[in-house]
Amino acid sequence: MVLKMMAVFRTPRKLNRSFAVSLMLFAFLALFGAFMALPLIYAVNNAFKPLDELFIFPPRFFVVNPTMENFYDLFALMGSSWVPLSRYIANTLLITIVGTAGHILLASAAAYPLAKYRFPGSSALFSIVVLSLMFSPHVTAIPNYMMMSWLGWINTHASIIVPSLAFPLGLFLMKQFMEQIPDALLEAAKIDGASEYRIYWSIVMPNVKPAWLTLMILQFPMLWGSDGGSFIYSENLKTLHYALGQITLGGIARAGVGAAVALILMIVPITLFVISQSSVMQTMATSGMKD
Amino acid sequence: MQMETNVRPAKEVSRPVRLSRLARIGKELNRSKHYYLLMSPYMIIFFLFTVIPVVLSLGLSFFYFNMLELPRFVGWQNYSRLFLNDDIFMIALKNTLMFAVITGPISYLACFIFAWIINELSPKVRAFMTLIFYAPSISGNVFFIWLIIFSGDSYGYMNGFLMKAGFILEPIQWLLDEKYILPIVMIVQLWLSLGTSFLAFIAGLQTVDKTLIEAGTVDGIKNRWQELWYITLPSMRPQLMFGAVMQITASFAVADISIALAGFPSVNYAAHTIVTHLMDFGTIRFEMGYASAIATVLFFLMIGSNKLTQRMLRKVGE
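Respectively, the protein sequence lines represent chains A and B.
Here this note's numbering is used: the first residue of the first sequence is 1, the next is one more, and so on.
Here this note's numbering is used: the first residue of the second sequence is 292, the next is one more, and so on.
Just chain A, same shape as in the assembly (with noise of 0.2 Å):
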């Protein structure tokens, strides 16, 4: 499959291109560009902006005389609070490690039939699946929320993770990567005695590793932004995304320590992107949706 993708890879065809409009193309794509960086590198500069800076008229968009200083303050608030930041970041991390694995396991166990075999409901229930990326979430929010506190999973970090394991998109783009596995292979080891739990655990899943980050790269974010919604009440059950949301609430004084925590938040997921993005594009070139 990659060797397929390389050869498809920058060829040349280079026919009846011409150079003004390429040209254009390029200095339209540039001037969205910035629009799209700006915002991200102005929170750069701006976690690292002494008081002095963040608040000149007129306004200053990078950041002249870089410090520290509000990471310094940022620990020292988090370290006289009531509950320790290390809660937070602790509670963030559960969620979000707990989450995204979870789902890539049951994501995967569930695609791999779906995409392999025919059987009585398959074909129902993928159209069910592809029928539920057409609204969101909000759709269910009163529902889900009785049925929260039906099993007692209110103010637990339950009522984050588990419904979360279940996001359709994830087994959608599993189930179509998962397509192109060789069926040669899976009978080869049918012949050999595995048995189907053997071939999905030793056989799909390291095939579709480019997957799994790519579940990663979407489930990640949405976890890692939780701020608990209406679900948690404690605080020390609450995210790091929430703990943000207070200190911003501090106001003009607590602007420097904002930036910084927003950047913390920001740096995470992006990282991550930039590391797995050459899977994420292998996964997404099989994302398309048969009618």
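FYI, nobody ran anything at the bench for these hints, they're computed from the structure.
Any given hint could be a false lead.
[To be verified] Pulled from the structure, derived: some chain A residues nowhere near chain B, Cβ distances all over 10 Å:
(1) E69
(2) A90
(3) L185
[As the list claims (entries may be wrong)] Here are some, though not all, of the chain B residues that point toward chain A, as calculated from beta-carbon distances under 8 Å:
(4) I316
(5) A426
(6) V433
(7) F435
(8) M593
[Stated by the list, open to error] As a list, the in silico DSSO-like pairs of lysine-lysine whose alpha-carbon atoms are at most 27 Å apart:
(9) A:K290 x B:K501
(10) A:K290 x B:K598
(11) A:K209 x B:K415
(12) B:K318 x A:K190
(13) B:K385 x B:K455
(14) A:K116 x B:K318
(15) A:K290 x B:K606
(16) B:K606 x B:K513
(17) B:K598 x B:K385
(18) A:K290 x A:K209
(19) A:K116 x A:K290
(20) B:K470 x B:K455
(21) B:K324 x A:K190
(22) A:K116 x B:K324
Here a beta-carbon is modelled for each residue, glycine too, at the ideal position from N, C-alpha and C.
Starting from the structure of chain A, add chain B where the hints point.
Below, chain B alone, put in the same frame as chain A:
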């Protein structure tokens, strides 16, 4: 489903004619029991938190329910109140449709156009540009940076810039002025909207069969626009479908950004959407039946426009 597996042993196989339909299904189920077992953890959660809630929400929309008393059946009353007696819902509906009609198609086109241009770049530059365009959608809730940009005092970037350049004399209350709220939320929404479908398009463009393009030039395709319409677009139709679903669903679901930028509720409901209306009744007023009616309307709006768009996309390149 595994319960029905041990039906009809070998005896009946010798008389296949007598095998009833039920028994055949039973055998089929028995053969695929491993598949059901593999799918069960995901499917149980999926049904519990997605499928059943949709059905529940539909049912609940015909009741009055406040989480304390037992639900009381009210028939179509929630819907008639929603469409005839709720002016705020009409504002929310109008705003949501504005998002759907403006940010939906623009973000979809932007995803495709940027992907298309990026695809022409060399792999290293392409990876970099992909990161630049994709980063906002995964950088979590960094969109509050826009709060600083559009801050209502002279320290806000937009105000500072415009004042320095001499366009305005005193700061504009960007996020408190009805005129500006909705456009600003739209701009930020667009900024965040180059997500999954953008990646799908870039990846899809890379899989377009180059021999098709060469064959096309032989058949008289003259320029890149014709190549785009007759070859590239039709061969990535599956990705286009997928991208449409992602963008449409997202554009109907605007809420967090509106709340973060314009407040909840926003000034004169200028940035109120169906989802924020739903939150209002669901999490503040606890009128669960009424909120379910709003959710049901949203559900059908989303599904309806997705189906409609898919029908349109089938015509691409014809």
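Here is what the structure says about each hint:
no.: 1; hint: E69; in the structure: holds, 18 Å
no.: 2; hint: A90; in the structure: holds, 18 Å
no.: 3; hint: L185; in the structure: holds, 17 Å
no.: 4; hint: I316; in the structure: holds, 6 Å
no.: 5; hint: A426; in the structure: holds, 5 Å
no.: 6; hint: V433; in the structure: holds, 5 Å
no.: 7; hint: F435; in the structure: holds, 7 Å
no.: 8; hint: M593; in the structure: holds, 4 Å
no.: 9; hint: A:K290 x B:K501; in the structure: holds, 21 Å
no.: 10; hint: A:K290 x B:K598; in the structure: holds, 13 Å
no.: 11; hint: A:K209 x B:K415; in the structure: holds, 22 Å
no.: 12; hint: B:K318 x A:K190; in the structure: holds, 20 Å
no.: 13; hint: B:K385 x B:K455; in the structure: violated, 36 Å
no.: 14; hint: A:K116 x B:K318; in the structure: holds, 19 Å
no.: 15; hint: A:K290 x B:K606; in the structure: holds, 14 Å
no.: 16; hint: B:K606 x B:K513; in the structure: holds, 22 Å
no.: 17; hint: B:K598 x B:K385; in the structure: holds, 21 Å
no.: 18; hint: A:K290 x A:K209; in the structure: holds, 23 Å
no.: 19; hint: A:K116 x A:K290; in the structure: holds, 16 Å
no.: 20; hint: B:K470 x B:K455; in the structure: holds, 23 Å
no.: 21; hint: B:K324 x A:K190; in the structure: holds, 16 Å
no.: 22; hint: A:K116 x B:K324; in the structure: holds, 15 Å
Hint violations for this structure: number 13 only, all remaining hints satisfied.
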